[in-house]
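> Take a look at the letters that make up each chain.
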Amino acid sequence: MKYWWKALGVLIILYILLVGMLTPLKTGILEASPANLHTGQEATLTVKGYNSNFTLEKEKLRAWLKMDSTRAIAATRIDVVDDREVKLTFPIPAYLPVDQPVKDFTLLIDSPADGASVLPGGLVVTQDSIDTTKGDLLWVNADISQLHEKQAFTFPYRNILYETIRNTYYHVPMWMAMFIILTAGVVFSIRFLWKANPDDDRKAMALTNVGLFLGILGIVTGAIWAKYTWGKFWSWDVKQNMTAIALLIYGAYFVLRGSFEDPEKKARISAVFNIFAYASLVPLLYIIPKLTDSLHPGAGGNIAFGSQDLDNTMKLVFRPAIIGWTLIGLWIAEIILRTARLRERLLED
Amino acid sequence: MNLFAQIYHLVRKEFTLEWRQKFAITGILLYVLSTVFIVYISFQNIGPQVWNVLFWVIMLFASVNAVLKSFVQESGYRQLYYYQLLHPIAILLSKMIYNAALLLLLGVLTFVALGFVAGNPVQEAGNFALALFLGSLGFSITFTFVSAIAAKADNSSTLMAILSFPVVIPILLLLVNLSAHAVGLLGGTEIWEKIMLLAAVDLILVALALVLFPFLWRD
Chain A
1 MKYWWKALGV LIILYILLVG MLTPLKTGIL EASPANLHTG QEATLTVKGY NSNFTLEKEK
61 LRAWLKMDST RAIAATRIDV VDDREVKLTF PIPAYLPVDQ PVKDFTLLID SPADGASVLP
121 GGLVVTQDSI DTTKGDLLWV NADISQLHEK QAFTFPYRNI LYETIRNTYY HVPMWMAMFI
181 ILTAGVVFSI RFLWKANPDD DRKAMALTNV GLFLGILGIV TGAIWAKYTW GKFWSWDVKQ
241 NMTAIALLIY GAYFVLRGSF EDPEKKARIS AVFNIFAYAS LVPLLYIIPK LTDSLHPGAG
301 GNIAFGSQDL DNTMKLVFRP AIIGWTLIGL WIAEIILRTA RLRERLLED
Chain B
1001 MNLFAQIYHL VRKEFTLEWR QKFAITGILL YVLSTVFIVY ISFQNIGPQV WNVLFWVIML
1061 FASVNAVLKS FVQESGYRQL YYYQLLHPIA ILLSKMIYNA ALLLLLGVLT FVALGFVAGN
1121 PVQEAGNFAL ALFLGSLGFS ITFTFVSAIA AKADNSSTLM AILSFPVVIP ILLLLVNLSA
1181 HAVGLLGGTE IWEKIMLLAA VDLILVALAL VLFPFLWRD
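Note that the protein sequences, when read in sequence, are chains A and B. Quick note on the numbering used here: the first sequence kicks off at 1 and runs consecutively. Quick note on the numbering used here: the second sequence kicks off at 1001 and runs consecutively.
Hints were generated in silico from the structure; no laboratory data involved. Values in this document were obtained by computation on a predicted structure and should not be read as measured data. Virtual Cβ for every residue (Gly too), placed ideally from N, Cα, C. It cannot be assumed that every hint is accurate.
Per the computed footprint, the stretches of chain A lying under chain B, defined by three or more beta-carbons under 8 angstroms from a beta-carbon of chain B, are [to be verified]: (1) 248-257; (2) 273-280.
In silico DSBU-like cross-links for lysine-lysine, where the CA-CA straight-line distance does not exceed 30 angstroms [stated by the list, open to error]: (3) A:Lys-265 - B:Lys-1069; (4) A:Lys-6 - A:Lys-315; (5) A:Lys-6 - A:Lys-195; (6) A:Lys-195 - A:Lys-266; (7) B:Lys-1069 - A:Lys-266; (8) A:Lys-195 - A:Lys-58.
Let the sequences and hints guide you as you build the complete structure.
Right under this line is the structure:
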């Protein structure tokens, strides 16, 4: 099996298509209304669930309003409407034990059937007057313990992201595959200057071509994702801008290639430009986004993928996806390379 | 002649050439002045943020025009003569040094002209001068090397813009960011981090240009 890596690439892409698309999301809370509550109120919240099964074991359903890591209010009444909707009643004390006029709470629902789900910071309680000592006296603390965890193969549920979390297997690995392939292209450019073998230049050209293609795919999948999560296809985001610059540079590489007749001169000068452009850009692609604020994860205080957002089930799909897209990219590059070789041979005859 | 003596003579040659054909340098200076004036009459009121960006954009375009001629200007035969007589690295370095000096002059002129019509928002003169120095150096290194590439092709002036602009954008972004500190738009202590980063980028590019130039000049 000489071409085992092509088969492996196809298998991985099939795997991420199937597993990435078919695995359900964890249970989550879509919204709770009303979102604005007052102190001294017996608040009844209508909570909409996502992928939830509230009617299963509904007498074991529990719910809390979490103020911070130690303090929470338990729900006194829980009325299940259907699988996707539940009404929760919380007695909110007349005074809160904090000195903020407006305090945000996190809603937490636990069910033996679905496991625990949260709506982080989704509810706001307004205090009419502040008295922390009375607040401390009135506070009935509920202990959050024995949370259930659903034993199933699921992807995490995140508000704002919802089902688009599956784009993690396309946008991010395509971007990484682009880096790997462009780097390989630069390596062949360096080898060409070293050994002056025309085939190395063809390899550099083929790899850079695929890198540019993956970059375009990465930017398009990213823009669609950005439309759903940030609201606009293009927000002044450092990483988006730097990617656009990278595409301009590699576009210029092909314009430069096109402006030479002599194949030896074309190969030599475009190899020089490829190395120079790569070195002037690529280190900065990593450094500049860290200096400026970005909407992307991993910059400007945002949570990075890999710490919290990428859980173990997602890693099972995400890590092979990097290899899969790189292998497919290499396959395309090989085809471009072979057509370039054939064209050369035709011209010689 | 050792390398330094060669560079010294070549830089002197560049200055003498420029001095003899004054129209080139006067052309660039007028280019800067008219761009500043066009920008001023279009904007009328220029706040610090816009001032900062405009300064570097005018610098960018003036620099491309100023540096473009470095390898295009002289005929192929004369260049062949230079390459036989002198070390190619001395030729590249002398052009970079000369262009850095020219761009520094252009930067000072842009600063004076823009400051004259639109006011001077610079609060930390030292930081701004440092940004201008590192900026001239970075622009000079990138544009000189790209002009050496572009000179090898036929449509060199179009190629110069499309090859050099994307390459120089990261430097431009750092410069705008750095001089935003000097203008008082950004606070914070990370300014030295950015200066070091810019200096490191300049250093990497000049080292790379020196390594790659031997592959470039030979035809």
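> Does each hint fit the structure? Answer for all of them.
Taking the hints in turn, this is what the structure says about them:
{"no.": "1", "hint": "248-257", "verdict": "holds (count 6)"}
{"no.": "2", "hint": "273-280", "verdict": "holds (count 6)"}
{"no.": "3", "hint": "A:Lys-265 - B:Lys-1069", "verdict": "21 angstroms, holds"}
{"no.": "4", "hint": "A:Lys-6 - A:Lys-315", "verdict": "22 angstroms, holds"}
{"no.": "5", "hint": "A:Lys-6 - A:Lys-195", "verdict": "29 angstroms, holds"}
{"no.": "6", "hint": "A:Lys-195 - A:Lys-266", "verdict": "16 angstroms, holds"}
{"no.": "7", "hint": "B:Lys-1069 - A:Lys-266", "verdict": "22 angstroms, holds"}
{"no.": "8", "hint": "A:Lys-195 - A:Lys-58", "verdict": "73 angstroms, violated"}
In this structure, only the earlier hint numbered 8 is contradicted, and the remaining ones agree with it.
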